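Chemist: Chain by chain, the residues:
Number of protein chains: 2
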Amino acid sequence: MLQKPKVVIIGAGFAGLNAAKGLKNTLVDILMIDQNNYHTFQPLLYQVATAGLEPADIAKQVRHIFKQQKNFRFRQGTVVNVDWDKKYILLRDATNISFDYLIIAAGAIYNDFGVTGVKEHAIYLKSLADAANLRSHILQQFELASAKPELIDTGILNFVIVGAGPTGVEMAGALMELFSHALKNDYPELDLSRAKVIMLEASPNVLNPYSSKSRSYSEHVLRKRGVDLRLNTTVKKVNADSVELDNGEIIASKSLIWAAGVRAHPLVEALALGLTHGFRIKLTKAMNIANKAYVYALGDIAGVEDKDGKLYPQVATVAIQQGKHAAKQIKKQIKGLAVTDFNYFDKGNMAIIGRNAGVAELSKNLSGIHLRGFLAWLAWLFIHLIYLPGHQNRFIALANWTYNYFSYDRHVRLISFMQKSSEREAASPNKNQKSSIKA
Amino acid sequence: MLQKPKVVIIGAGFAGLNAAKGLKNTLVDILMIDQNNYHTFQPLLYQVATAGLEPADIAKQVRHIFKQQKNFRFRQGTVVNVDWDKKYILLRDATNISFDYLIIAAGAIYNDFGVTGVKEHAIYLKSLADAANLRSHILQQFELASAKPELIDTGILNFVIVGAGPTGVEMAGALMELFSHALKNDYPELDLSRAKVIMLEASPNVLNPYSSKSRSYSEHVLRKRGVDLRLNTTVKKVNADSVELDNGEIIASKSLIWAAGVRAHPLVEALALGLTHGFRIKLTKAMNIANKAYVYALGDIAGVEDKDGKLYPQVATVAIQQGKHAAKQIKKQIKGLAVTDFNYFDKGNMAIIGRNAGVAELSKNLSGIHLRGFLAWLAWLFIHLIYLPGHQNRFIALANWTYNYFSYDRHVRLISFMQKSSEREAASPNKNQKSSIKA
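Respectively, the protein sequence lines represent chains A and B. Heads up: the first sequence is residues 1 to 439, going by the numbering used here. Heads up: the second sequence is residues 1 to 439, going by the numbering used here.
The set of hints was computed from the structure by calculation and includes no laboratory data. Certain hints may be false.
One copy or any two copies: either way a pair holds, since identical chains are not told apart in the list.
[As the list claims (entries may be wrong)] With a Cα cut of at most 30 Å, we get these calculated DSSO-like pairs of lysine-lysine:
no., residue 1, residue 2
1, K21, K307
2, K332, K184
3, K184, K4
4, K307, K148
5, K224, K310
6, K307, K331
7, K237, K67
8, K21, K184
9, K196, K86
10, K21, K213
11, K70, K196
12, K21, K87
13, K148, K70
14, K307, K184
15, K328, K282
16, K119, K328
17, K21, K148
18, K236, K126
19, K21, K196
20, K4, K70
21, K184, K70
22, K282, K310
23, K213, K307
24, K87, K148
Since this is a predicted model, take the numbers as computed values, not measurements.
Using the sequences provided together with the hints, build the complete structure.
Modeler: Structure, rendered in structure tokens:
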């Protein structure tokens with residue numbers, strides 16, 4: 001019997017998951033590799049960061065997601081390089097894994113755009129650990145303020161968000177809610193009006209991809225809810241306890257949340273592949289690599305151009321469709337058929353600003369209707385609930401949201417810092433294990 | 001107006017919480033200090049360690065528990081010493097907090113009974129981080145076994161539990177269930193019969209405080225469910241990858257769970273107070289200190305004798321009643337009345353061995369009925385649900401248990417290591433914060 005083609009998928013994000021699902025019932029052996037043993041539902045990271053949901057509510061163990069798929073295997077590990085001649089990938093633990101088809105869907109990390117101090121001092125929101133640690137960091141600032149009120153004068157209750165895209169806007173809205181309700185009850189001894197959310201955006205608008213109506217609505221709601229929104233404002237330098245603006249102003253803050261943008265995962269730099277804007281991998285319109293038809297790159301890491309020659313936005317819906325597309329193409333290639341171009345079906349954009357307030361813009365393909373306010377907010381909750389993997393996660397998220405909505409309270413406010421898998425791997429796994437387990 | 005007496009409570013465990021609640025509506029200012037901002041429901045730690053519940057399901061933020069109590073304040077911090085002359089406590093962050101009454105309820109840590117290697121290599125189950133990290137450690141061994149099956153021969157799937165008290169028994173039963181159901185589905189590529197739970201007990205029995213019928217029942221169930229139970233067996237030395245027994249046998253294992261016993265929190269050694277067995281603080285029968293009537297010690301740290309001159313067991317029910325007792329005594333002292341002795345109302349013992357199997361022994365005060373099997377198991381679930389703090393926690397725990405029971409599955413199997421607050425504080429808080437937040 002002929003050996004089945006081996007498909008290796010790097011990354012358990014939206015793109016990787018959908019590529020693997022698309023190859024169900026296909027005569028291939030799939031191996032997915034991720035440095036975590038779970039898939040992270042990134043669109044809800046900001047809710048973990050603002051104590052609305054627990055980390056486990058927005059993550060699902062990869063093996064569990066695919067427990068019904070016989071041709072699927074998972075391996076927890078970190079890919080450090082690929083040998084293109086011998087066609088195998090190299091893991092940090094020095095094992096080689098050979099492939100016939102390779103799908104690179106390693107995702108993105110923050111992009112500091114060369115601003116000094118971001119790498120050292122900024123807080124990001126890309127991983128589950130980022131979100132859990134941001135939540136703990138925020139709560140810890142209030143514990144510090146309660147223990148030593150004089151620290152408030154040094155700006156420990158100033159939370160600066162850089163970038164007014166969906167992530168920044170959602171984060172700003174959720175933070176204001178956390179402060180004005182849950183934390184207000186937790187810290188009666190504090191004057192919560194001294195807790196500030198300062199939002200810095202280089203462009204003249206929030207939510208740039210959206211219509212002017214949606215943008216001005218979002219801008220209005222953010223300001224109305226107390227966000228100190230500063231447009232046309234760029235960051236010059238980030239320090240441990242302050243942010244320097246181009247206009248010379250200095251904002252005291254130990255909490256700078258960097259939501260200004262992302263870049264492709266650094267793995268791409270090791271792979272000796274052609275790169276395009278944002279370090280994304282240069283691809284054919286079919287999403288494979290010109291001289292390596294058996295290699296696909298998907299999602300945030302994919303540098304594929306749309307009809308107008310623009311790269312696709314780094315969002316979940318694009319990653320999901322690209323994952324399905326890659327699966328289809330590999331099936332064709334196995335049959336010896338020609339691959340076809342990726343064609344994005346744009347459903348539109350959606351962002352939540354906070355309680356009862358959101359913007360939703362259906363694309364022309366879908367009536368082109370625009371929603372603002374309560375209906376958009378409701379639609380957002382509904383859509384995210386549907387896409388959240390795992391019945392139990394959906395159930396728990398719904399229960400939490402319902403509780404939070406009516407009680408104005410938050411279920412989880414534990415200060416508990418998570419260790420990033422990357423940090424753990426840096427040391428020898430065993431020694432490292434012990435160190436974090438010992439009492 | 002006369003200044004209200006200041007009551008400082010060290011520790012947010014069962015004893016501390018109940019002391020604070022007992023002083024509600026009393027003209028005192030209560031300050032509770034704990035190194036975590038949450039109360040941990042320790043009886044369910046083993047369920048977090050075996051992926052039955054999430055850390056947040058068995059923890060509750062202290063400020064939230066007391067949000068209705070006006071005379072209560074909380075401070076996150078670590079107590080390092082007490083100045084008995086000036087009557088203030090010293091925190092690690094170098095602040096002093098003065099008190100009129102002091103309640104020491106810092107709890108217990110593992111007791112290695114002088115066995116070499118326990119401190120360096122054993123895993124404990126006393127804190128939320130312990131439980132979360134044990135869970136992640138267990139799951140990681142299976143990921144390693146899947147990636148490199150040859151490691152199974154080195155014993156990475158051997159899980160050794162030392163001590164067959166309630167904690168050890170509950171842990172052993174839950175581990176066998178985790179292996180035989182949830183993990184069996186997750187790792188079809190592994191022969192799960194190679195995953196072993198080896199339980200070592202120095203005495204001739206499991207669950208020593210229980211009746212011989214309950215003990216032999218528990219022993220029978222554990223063996224029937226596949227636990228390699230070895231009685232009359234003592235540990236000589238623990239190494240990184242093996243356990244040496246007194247009988248000369250060596251068991252290969254990187255996972256030694258130390259459930260052999262506890263000792264009072266090391267804080268007691270700094271306090272220059274009289275100590276008794278297990279480093280517990282010597283107390284009058286009224287639970288305060290002979291020459292310091294304004295100082296109480298409660299729970300696992302309290303060295304108070306019962307009528308027979310024996311120290312009380314270090315369990316939740318004792319801690320809860322002692323907390324209430326101390327509150328009553330302080331109220332009397334404020335009124336200038338004499339204190340009375342602590343009188344423990346024994347309700348009996350309860351332990352769960354696993355699915356549908358438990359032992360419950362009501363004390364003579366309560367009919368003296370003994371239950372075994374399904375009824376005892378049900379009673380255990382019921383009691384623990386009632387005592388679990390927080391409606392939402394109760395609701396989520398019930399939802400998870402119901403799901404786990406009928407699906408034989410586990411909700412949460414994320415490998416995510418938690419950082420212990422003690423480890424964080426070791427470094428400078430700010431630097432430390434960043435280090436665990438940076439991407």
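Chemist: Now, for every hint given, state plainly whether the structure supports it.
Modeler: Tested hints:
| no. | hint | result |
| --- | --- | --- |
| 1 | K21 to K307 | within (27 Å within a copy, 67 Å between copies) |
| 2 | K332 to K184 | neither (58 Å within a copy, 34 Å between copies) |
| 3 | K184 to K4 | between (60 Å within a copy, 25 Å between copies) |
| 4 | K307 to K148 | neither (57 Å within a copy, 46 Å between copies) |
| 5 | K224 to K310 | neither (35 Å within a copy, 64 Å between copies) |
| 6 | K307 to K331 | within (24 Å within a copy, 78 Å between copies) |
| 7 | K237 to K67 | neither (47 Å within a copy, 40 Å between copies) |
| 8 | K21 to K184 | between (45 Å within a copy, 22 Å between copies) |
| 9 | K196 to K86 | neither (55 Å within a copy, 39 Å between copies) |
| 10 | K21 to K213 | neither (38 Å within a copy, 53 Å between copies) |
| 11 | K70 to K196 | between (51 Å within a copy, 26 Å between copies) |
| 12 | K21 to K87 | within (23 Å within a copy, 66 Å between copies) |
| 13 | K148 to K70 | between (57 Å within a copy, 20 Å between copies) |
| 14 | K307 to K184 | neither (50 Å within a copy, 48 Å between copies) |
| 15 | K328 to K282 | within (20 Å within a copy, 73 Å between copies) |
| 16 | K119 to K328 | neither (39 Å within a copy, 54 Å between copies) |
| 17 | K21 to K148 | between (53 Å within a copy, 25 Å between copies) |
| 18 | K236 to K126 | within (23 Å within a copy, 46 Å between copies) |
| 19 | K21 to K196 | neither (44 Å within a copy, 34 Å between copies) |
| 20 | K4 to K70 | within (13 Å within a copy, 69 Å between copies) |
| 21 | K184 to K70 | between (51 Å within a copy, 14 Å between copies) |
| 22 | K282 to K310 | within (12 Å within a copy, 75 Å between copies) |
| 23 | K213 to K307 | within (27 Å within a copy, 77 Å between copies) |
| 24 | K87 to K148 | between (58 Å within a copy, 21 Å between copies) |
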